[in-house]
Amino acid sequence: MTPITLTVNQKQVELDVPESRTLAELLRLDLGLTGTKIGCEEAECGICTVLVDGVPVDSCVYPAFRAQGREITTIEGLAPGNNLHPLQSSFIDHGAVQCGFCTPGLIMTSAALIDTNPNPTDQDIKTALKDTFCRCTGYTSVIQAIKSAAAEMRGEAPFPVQLPAVEEPERIVGHSVAPYGVRDKVTGAARFTDDYNFPHMLYARTLRSTYPHARVLRIDTSAARALDGVQAVLTHEDIPGENLHGLVRRDWPVLCGDVVRYTGDAVAVVAATTPEVAAAALDLIQVDYDLLPVVSDPEYARSPEAPDIHPAGNLLKHIKVRHGDVEQGFAEADVVVEREYRTPIIEHAFLEPECAIAVPAGVADHDKLTVYVGSQIPYQDREQIALALDMPADTVRVRGTLIGGGFGGKEDIAGQIHVALLARVTGHPVKMLYTRQESLVFHPKRHATIIRIKTGAKKDGHLVAVQAELYGDAGAYASLSDKVMTRATTHATGPYVVPHAKIDCYAMYTNNPPSGAFRGFGVTQSAFAVEQNMDILAGELGLDPVKFRRMNAQQVGATTATGQVLRESVGLIETIDDVRRDMQPENGDFRWAWREGNAAYGWGFASAYKNTGLGGGAPDRAEAEVEVFDDGSVEVRTSSADMGQGLAHVLAQCVAEELMLPYERVKVLLSDTDLTPDGGPTTASRQTFMSGNAARLAAIALREAFTRQAAEIMDVPPNELRYEEGLLRYNGQQVELGQLVGRMKQHGVSPRARYEYWAPETKPLGTGGDMHFAFSYATQAALVKVDLETGEVYVLKLISSTDVGRAINPLSLKGQIEGGIVMALGNCLTEAFIVEDGIPWTTALARYKIPSIKHVPEMITHLVEHRVNSGPYGAKGVGEIPSIATTPAICNAVYHATGVRIYSIPIDQDALLLALKRNQTEVHTAWPDVK
Amino acid sequence: MQLWNRYFLASSVDETLELLLQYDGQARIIAGGTDLLIEMREGHRPPQPVLVDITAIPALTTIEQDNDQIILGACVTHARITHSTALQKRATCLVESCGVVGGPQVRNVGTIGGNVAHALPAGDGTTSLVALDAEAEVVIDGERHWRPILELFQGPGVSLLDSTRDLLVRFRFQAHQPHEGSAFDRIMRPQGVALPILGCAVWVRLNADNSHYEAARICIAPVGPTPRRITAVENMLAGCPATEDTLEAAVALAQEVIKPRTSKYRATAPYRSEMVAVLLRRALPAAVERAKTTMPVTSQ
Ligand SMILES: Cc1cc2nc3c(=O)[nH]c(=O)nc-3n(C[C@H](O)[C@H](O)[C@H](O)COP(=O)(O)OP(=O)(O)OC[C@H]3O[C@@H](n4cnc5c(N)ncnc54)[C@H](O)[C@@H]3O)c2cc1C
Ligand code: FES
Ligand code: FES
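Residue numbers (this note's numbering), protein chains in the order written: chain A, 139 to 1069; chain B, 4 to 303.
It is worth saying that the hints were derived from the structure and are not from the lab. Note that the structure is a prediction, hence the values are computed from the model and not measured. The beta-carbon is built from N, C-alpha and C at its ideal position, and this holds for glycine as well. Hints are not guaranteed to be accurate.
Where chain B lies over chain A, by a calculated footprint (3+ residues, C-beta under 8 Å) [what the hints assert, rightly or not]:
hint	stretch
1	190-199
2	325-339
3	647-655
4	756-768
5	975-984
6	1051-1058
Simulated crosslink set (DSBU-like; lysine-lysine; CA at most 35 Å straight-line) [what the hints assert, rightly or not]:
hint	chain 1	residue 1	chain 2	residue 2
7	A	Lys1069	B	Lys295
8	A	Lys1069	B	Lys92
9	A	Lys923	A	Lys596
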């Protein structure tokens, strides 16, 4: 311990800390200023930015002792007292906050910018924030928020908030209310899992496999156990219950005992008094392996010579879509296009690495073994923890904390079971925080896919048949592969009427990191192929790509390839028309492509659809509870998760709407298996629909109970009572909701209602009937510029129109759409998780570039509201649909601009340029093939 | 993870050297730390018992202009180089190259000395210093002397300096005079590691009526294990008219003499070869245009 003096947020502090501290650690651990977040510790993400003498630096790589005598400003010190800095309020107003994990970093970097440049242009902002990442918002709102705050600080009027046009709003639904809890996210008060600490807490680390496929012969933990400070070292032998977890299929060992199947596999876990001791202990564990042959690609996995990764073989699932008679279809076709497409493994790169804390029963006011975790599925976490620990589920409590982004990557078990085991063994609270590098190698990703697809149409432009074969790389464990690849398969005709289809998908086990849920759920991949085949076909038929899509577009009454008749809410044609309208230049004729000097410009067009909800015959239910308190405030509770997508305010809006309350009166409690009823998994774009419905219907039930009570008190017929801002009125008489609570309790009536909402029934694939209860639709057009000297691709403009059923909160919807599009931009242009023979090359964020603010195109966002009868106020899912059409739209644009078609992503400027130089029209390799 | 145990904030060159001596190989110099700490974090380099921070040493953090010569402390950050008006005029390529390193947070702490001491084949600041024909003042084995910058590079990531014993103190190079100008440009890809596919710094001196090249220095990197100059093209340019034809001849010669390699997940050899042409066509005319407007250094 060495003394250090520095000024933090204008207060001089003197501390005695280890010299090994980084500034981020000093702030978070020694001063408890947890507003500064850590996302990578590699100087890549910038979310740990603080100001040192007014200059922004990455505090994660800034040695604390360099700050000796300097002035540090963190998010907590940006504004005096309880005030908000103009940037903080502007981030709220312009919808620039979703999960909020990046927000302190973005705001601090922006504060330094405005300090030196009071009137920043878009370009200035893009330069200053180039290395401060946000994975949720898509940055457009961030730019707007910064410019608006700067204007305010110059004494000018703030910028108006840019909202998409929507249909007539209700009293609360349809308005862009501020997201629930957003104030805490801009002040640094918001607590994510790693921001929680408990007395005598231990720190855990995981020993992962050295090899992608090996037999475990011996694990020797004696040296690790003997290390000073180590409190427990656990292996497979220490698991009291079932040593397997998995959401759909339990095939994933909690701790591997016989075989390891990928390099992220956990072999042992350690708990120690400090993270450093825990890390040192890992090095002392000896594991002897017997290497097994590695299966690293899904096509090879299906070949007879491939070794089996699981006892039942490598075929995880063969998924089939059969519709009409595909032979006959192709016989009728005048033009047939057959191509092969490839997509790589994609990483979620949520900015908050996984973290879990377990507190044993009887410790720190916890009456049960309690696990704190930012999870997308708390109830299933609980079930899986209980199974492994061999405890009844109701003796375990899972408390969801805020989630710093999930996108599907926080559905599977990460450290939840490990910390629970360690807490039980040691009797202490145990925290397990993954490093970014560990997070990268461990968690399930988006499936790499190979898609061979043949599309046939008649001369008049009508599609007649689609035949496709897909290979999905499921990696080492099942995770949600079955469901994800099913979605890839069933959506492989695109949102079109195709009378004949035959689609086969093979989800294959390999020794790569597992693949699972990822925003878009397989449809991102198939759309890449489908929508490019559509353009190729249009070209061969001599048809305009927009007209061609329009003429084949699904409409109400159409039948999908799974035999579902669409009865309502099919807004595809409107989305197509919206986007096409905006592509029209103000003067002159529309052109798909043109050249200026060394730049080639091109437009590309693509449409997409995506189911809402689990579907496929899975019983889909969500429960919510609404309670009114004495003070007239209301709480809505469900276990569903808000990972930044804005579920909390959707629920509050539904409840405020139905109880005719001001929005601010509604509190939201999420993700607590003891206090909130089961909302089901936060996946498949289902929560607005499912939990939104449950909350709305619970509120209605409660309203009816209150009406009856008030009617009795006032002695008036219930249907003559009016609700107004928390009051019930009748002819000059009035009573407050809060006042009624006591009365109801006296009469044994609970001021609380719970509703279990069951989604409309769906049917399994292959049985015909409704596989899904709703689909969202989107069309996007991308304008790209290709540098003909370098092959570099720039997306300049992105027009989108999305059929969301109903806009419950237009600003936050716009945020979902912009964020989804920018994420998809990464899918197309910057990202690939590279694995070489089962060994990840992508072991650091420095090797995985997600889009930064500089990649952001001008975005124009339209909403279409074709309501779903059964949806809350007509709404359907929106989480995933924005990410699907972007990649093919960009690739179609590159084709128009250059005449070169991209069959593999992310687009490789190297291969594109060489193709141009060599007069080739196809690129079948991508960035990972540069070697 | 703990990357170091002891941390010293040195206040002078002497103190630094004493600490290094005292710890006898266990202590390592840290400047910005934007290379060093990340290498350790990513496991490419073991944790270091002792770090000696040299960023608070006044002698290492100054930018001086002594008539025609610029002296640049090893710990001057990329941000300060980028914002220096003197350097913008007198060492334009250096400003352009330091301006594209990382993002603002990295430029605010990363130093030019760290860029050179790391000895990558294509550090951006390094590429420009090579084109500026800089010299480096180093203390090696306790001896302080000036060395041509190219002598510092022994191999990819291997420096003449052993940063557990030796210190890079500062750089010196000629400030641009009338008829002299420079430019830097690079080609990146949006994927993978933030190292350039190819970077190119060009310095030129024109004759009195700006019609001909008098001299040129070109560094294109990475085209080998260490940064180097493209002397064949430099020699060819000297005496030639500053025309489009000369540029094309220079491009043709450069593509002939430079044989770039394919590097995994960065670029293929044929692509790099194309980029040699693109970068020369961008940087050489830019340097020439600037040379035409460079003003004399006013007396200080
Ligand atoms: C996100 C990110 C992006 C980056 N982008 C770029 C880029 O675009 N272009 C580019 O060129 N670089 C880039 N870098 C690398 C890095 O920022 C630069 O190379 C920087 O100049 C290194 O300087 P530093 O002061 O941080 O060096 P340090 O990390 O402190 O030191 C690097 C090495 O040099 C030694 N050393 C440092 N100074 C001295 C000295 N005076 N005497 C002796 N030894 C010394 C150290 O011991 C260490 O071995 C990037 C880094 C990050 C994290
Ligand atoms: S840059 Fe510091 S945490 Fe990512
Ligand atoms: S809001 Fe930026 S990362 Fe989630």
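For the stretch 975-984 of chain A, count the residues whose Cβ lies under 8 Å from any Cβ of chain B; is that count three or more? With 4 residues in contact (Cβ-Cβ under 8 Å with chain B), the coverage given for the stretch 975-984 of chain A holds.
Satisfaction of hint between B/Lys295 and A/Lys1069, Cα-Cα up to 35 Å: Given that 35 Å is the threshold and the Cα spacing comes to 42 Å, the pair is violated.
Can you confirm whether chain B covers the stretch 647-655 of chain A, using C-beta to C-beta distances below 8 Å and requiring at least three such residues? violated (count 0)
When I compare C-beta atoms, does the stretch 756-768 of chain A have three or more residues closer than 8 Å to chain B? It is violated: at least three residues are needed, and the stretch 756-768 of chain A offers just 0 whose Cβ sits closer than 8 Å to chain B.
Coverage claim, chain B over the stretch 1051-1058 of chain A, checked by counting residues with Cβ within 8 Å (three needed): That given contact holds, which follows from 3 residues of the stretch 1051-1058 of chain A lying within Cβ reach (below 8 Å) of chain B.
Please count how many residues of the stretch 325-339 of chain A have a CB within 8 Å of a CB from chain B and say whether that reaches 3. Result for this restraint: violated, n = 0.
For the stretch 190-199 of chain A, count the residues whose Cβ lies under 8 Å from any Cβ of chain B; is that count three or more? It holds, with 5 qualifying residues against the three required.
Can the restraint linking A/Lys923 and A/Lys596 be considered satisfied, given a maximum Cα separation of 35 Å? holds (33 Å)
Does A/Lys1069 pair with B/Lys92 here, judged by a C-alpha cut-off of 35 Å? violated (40 Å)
Going through the hint list in order, the structure does not satisfy hints 2, 3, 4, 7 and 8.
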